[in-house]
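*Asks:* Residue numbers (my numbering), protein chains in the order written: chain C, 1 to 207; chain Y, 1 to 259.
Check the hints yourself; a few may be wrong.
[Claimed, not checked] Reference listing, derived: stretches of chain C covered by chain Y, where coverage requires no fewer than 3 residues with Cβ under 8 angstroms from a Cβ of chain Y: (1) 14-25; (2) 46-60; (3) 97-109; (4) 120-130; (5) 187-198.
[Claimed, not checked] Some chain Y residues near chain C, calculated using beta-carbon distances under 8 angstroms: (6) Met-1; (7) Arg-5; (8) Asp-45; (9) Ala-71; (10) Ile-75; (11) Cys-85; (12) Gln-123; (13) Glu-173; (14) Ala-199; (15) Asn-201; (16) Val-221; (17) Gly-224; (18) His-258.
[To be verified] Per label pair, the in silico range of CB-to-CB distance: (19) Gly-58/Y / Asn-204/C: 53 to 59 angstroms; (20) Arg-59/Y / Pro-156/C: 50 to 56 angstroms; (21) Asn-201/Y / Glu-135/C: 57 to 63 angstroms; (22) Asn-204/C / Ala-199/Y: 50 to 56 angstroms; (23) Asp-139/C / Val-221/Y: 37 to 43 angstroms; (24) Gly-99/C / Lys-108/Y: 42 to 48 angstroms; (25) Pro-96/C / Asp-168/Y: 26 to 32 angstroms; (26) Arg-242/Y / Arg-20/C: 55 to 61 angstroms.
No lab work stands behind these hints, which were simulated from the structure alone.
All residues carry an ideal CB built from backbone N, CA and C; glycine is no exception.
Spelled out, the chains give:
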Amino acid sequence: MIAIVDYKAGNLTSVQLACRALGCEAVVTSDPQQILAAERVIFPGVGAAGAAMQHLTSMNLVNVLRDVANKGTPFLGICLGTQILLEFSEEDGGTPTLGILPGRVPRFQPTDRRDKVPQIGWNQVHQIRKHPLLEGIEDDSEFYFVHSYYPAPATPDLTIGTTDYAGITFSCMLGRANIAATQFHPEKSGRIGLKLLNNFLHWNPSR
Amino acid sequence: MLTKRIIPCLDVIKRRVTKGVKFQNNIDLGDPVEMAVRYSDGGCDELVVYDITASAEGRPIDIEMVREVAAAIRIPFAVGGGISCLEDMSRVLLAGAEKVSVNSLAIKNPQIISEGSKAFGAQCVVLGMDPVAHPGDPRFPSGYEVTARGFRVRTGMDAVEWAKRAVDLGAGEIVVNSVDADGTRAGFELTITRLIAEAVNVPVVASGGGGTPDHIRDAFVIGGADAAIIAGMIHTGDYTLRQIKDALHADHVPVRMHW
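With the hints as constraints, model all of the structure from the sequences given.
*Replies:* Listed below in structure tokens is the structure:
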């Protein structure tokens with residue numbers, strides 16, 4: 001069973017629909033037992049980090065997510081889900097987050113007024129290293145982004161892909177072992193995004 | 001580099017995509033789900049679906065259609081028309097749309113922008129606005145007034161002031177649909193597009209008047225828009241999305257070339 005973690009952080013319909021398009025019926029759930037038992041876990045999310053952490057805490061999902069990540073379950077973070085995997089977000093006056101991956105989440109500080117925040121649209125993903133989720137996807141392919149904050153992992157070895165925006169190059173895809181996380185939305189990134197999602201659904205990471 | 005978005009617009013009446021000029025003389029263009037798939041496969045970057053008679057008919061948006069579009073395509077799309085409250089916004093987003101576009105509703109009740117933004121995130125709330133030019137009229141410092149309800153009602157609000165206020169309230173994107181240019185295919189209204197693009201720090205979408213790839217290029221380069229909504233020029237088959245993107249690419253406009 002594939003679990004899509006529901007923690008009241010935005011709309012999970014498109015993630016579920018994308019899985020369905022790949023022939024996989026994923027379950028949208030907030031049930032700790034179901035999430036712990038899942039073969040694979042997708043941790044999406046749209047919205048603000050502060051409210052998201054409050055929901056995760058009140059729904060008793062903080063330790064569940066840590067356990068799932070630690071026990072080797074293939075785990076995919078998307079957008080806000082990815083940001084929350086890190087240790088600290090600047091959003092909402094500063095929000096301590098899950099700390100499953102080392103690093104923080106700053107806000108874009110564009111110096112050129114033409115760089116709007118949020119970044120909305122399709123941007124290139126530069127592949128920094130090979131990763132099973134990028135199998136069959138050309139370097140510099142475009143994916144769909146919607147975000148005002150970005151992942152800044154503490155160690156460079158976590159970065160899988162980077163993107164250029166608002167005068168910086170940031171880590172748009174990161175992970176280690178069984179954890180992969182994207183700032184972009186594979187479920188909204190057309191055929192190429194589906195390819196990445198399909199790679200995740202067939203991924204057998206070594207622990 | 002972030003690419004400029006090309007967004008086909010599907011104006012829907014009774015489950016059929018239609019095209020008219022200034023909301024008049026509408027002709028039938030086809031099924032919205034089929035057209036969404038065709039444009040998505042053809043390389044558009046996003047779609048917008050307006051249920052254009054829902055508000056006038058006092059009925060909610062065709063939510064089943066939103067569901068079918070969401071199931072059929074894997075790119076983001078916005079939905080507008082027939083949104084009258086927060087609950088309507090929620091239904092549209094849960095049906096699988098990425099964004100909700102509010103226009104007349106936001107004029108009547110600006111708080112819907114902040115409520116929607118708080119509930120779903122600013123990126124889900126698009127303010128659509130229909131400015132009309134009033135050169136030299138001291139009531140409108142930008143030279144443009146906002147109209148409502150399919151251009152028929154004047155609001156007395158300055159277009160740039162309204163855009164700024166909407167962003168302060170939490171709008172994540174502004175669609176500038178020129179009343180004067182709409183349906184003409186003679187080019188986007190670059191002046192008001194640029195005024196708004198320079199006045200706000202969220203993405204601005206040019207709408208109304210796109211007839212050729214050069215018009216789209218001008219909306220980006222001169223108008224400062226981050227995206228462009230097009231309709232007639234592709235609905236008629238005069239241009240394919242591939243032709244439009246090839247032309248923009250040749251003009252050094254960053255666009256998504258592989259899909």
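*Asks:* So, for every hint listed, does it hold in this structure?
*Replies:* For each hint, the structure was consulted:
Here's how the stretch 14-25 of chain C fares: 5 of its residues keep a CB closer than 8 angstroms to some CB of chain Y, so the rule of at least three is met and the hint holds. Proximity of the stretch 46-60 of chain C to chain Y, defined as three or more residues with a beta carbon under 8 angstroms from a beta carbon of that chain, is established by the 3 residues found. With a cut-off of 8 angstroms between beta carbons, the stretch 97-109 of chain C has 0 residues touching chain Y; three or more are needed, and the interface restraint is violated. For the stretch 120-130 of chain C, the proposed coverage by chain Y is satisfied: 5 residues have a C-beta within less than 8 angstroms of a C-beta in that chain, meeting the threshold of three.
Taking a C-beta to C-beta cut-off of 8 angstroms, the stretch 187-198 of chain C contributes 8 residues in contact with chain Y, enough for the three needed, and the coverage statement holds. Interface restraint check for Met-1/Y: the shortest CB-CB distance to chain C comes to about 6 angstroms, inside 8 angstroms, so the restraint holds. About 5 angstroms separates the beta-carbon of Arg-5/Y from the nearest beta-carbon of chain C, less than 8 angstroms, and the hint is met. At its closest, the beta carbon of Asp-45/Y sits 6 angstroms from a beta carbon of chain C; the interface hint therefore holds under the 8 angstroms criterion.
Residue-level restraint check for Ala-71/Y holds (minimum Cβ-Cβ distance to chain C is 6 angstroms; threshold 8 angstroms). For Ile-75/Y, the suggested interface contact is upheld, since its CB lies about 5 angstroms from the closest CB of chain C, less than 8 angstroms. Because the closest C-beta pair between Cys-85/Y and chain C is about 18 angstroms apart, greater than 8 angstroms, the hint is violated. The criterion of a C-beta within 8 angstroms of any C-beta in chain C is met by Gln-123/Y, whose closest approach is roughly 5 angstroms, and the hint holds.
Because the closest C-beta pair between Glu-173/Y and chain C is about 6 angstroms apart, less than 8 angstroms, the hint holds. Hint status for Ala-199/Y: violated, given a least beta-carbon distance of 10 angstroms to chain C, over 8 angstroms. Contact between Asn-201/Y and chain C, as hinted, is supported at the beta carbon level, the nearest pair being about 6 angstroms apart and thus within 8 angstroms. Here the hint on Val-221/Y is broken, as its CB sits about 11 angstroms from the closest CB of chain C, past 8 angstroms.
Taking 8 angstroms as the C-beta cut-off, the interface hint given for Gly-224/Y holds, the closest approach to chain C being about 7 angstroms. Annotation: interface hint on His-258/Y holds; nearest CB of chain C at approximately 6 angstroms, less than 8 angstroms. Judged by the Cβ atoms, the range 53 to 59 angstroms given for Gly-58/Y and Asn-204/C holds: they are separated by roughly 55 angstroms. Taking 50 to 56 angstroms as the suggested C-beta distance range, the pair Arg-59/Y and Pro-156/C conforms, at roughly 55 angstroms.
About 38 angstroms separates the C-beta atoms of Asn-201/Y and Glu-135/C, a value inconsistent with the hinted range of 57 to 63 angstroms. Hint check: Asn-204/C to Ala-199/Y, Cβ distance near 51 angstroms, so the stated range 50 to 56 angstroms holds. Taking the beta carbon of each, Asp-139/C and Val-221/Y are about 28 angstroms apart, not inside 37 to 43 angstroms as hinted. For the hinted restraint 42 to 48 angstroms between Gly-99/C and Lys-108/Y, the CB-CB distance of approximately 45 angstroms keeps it satisfied.
Distance hint for Pro-96/C and Asp-168/Y: a CB-CB separation of about 29 angstroms, consistent with the stated range 26 to 32 angstroms. A hinted range of 55 to 61 angstroms is violated for the C-beta pair Arg-242/Y and Arg-20/C, which are about 28 angstroms apart.
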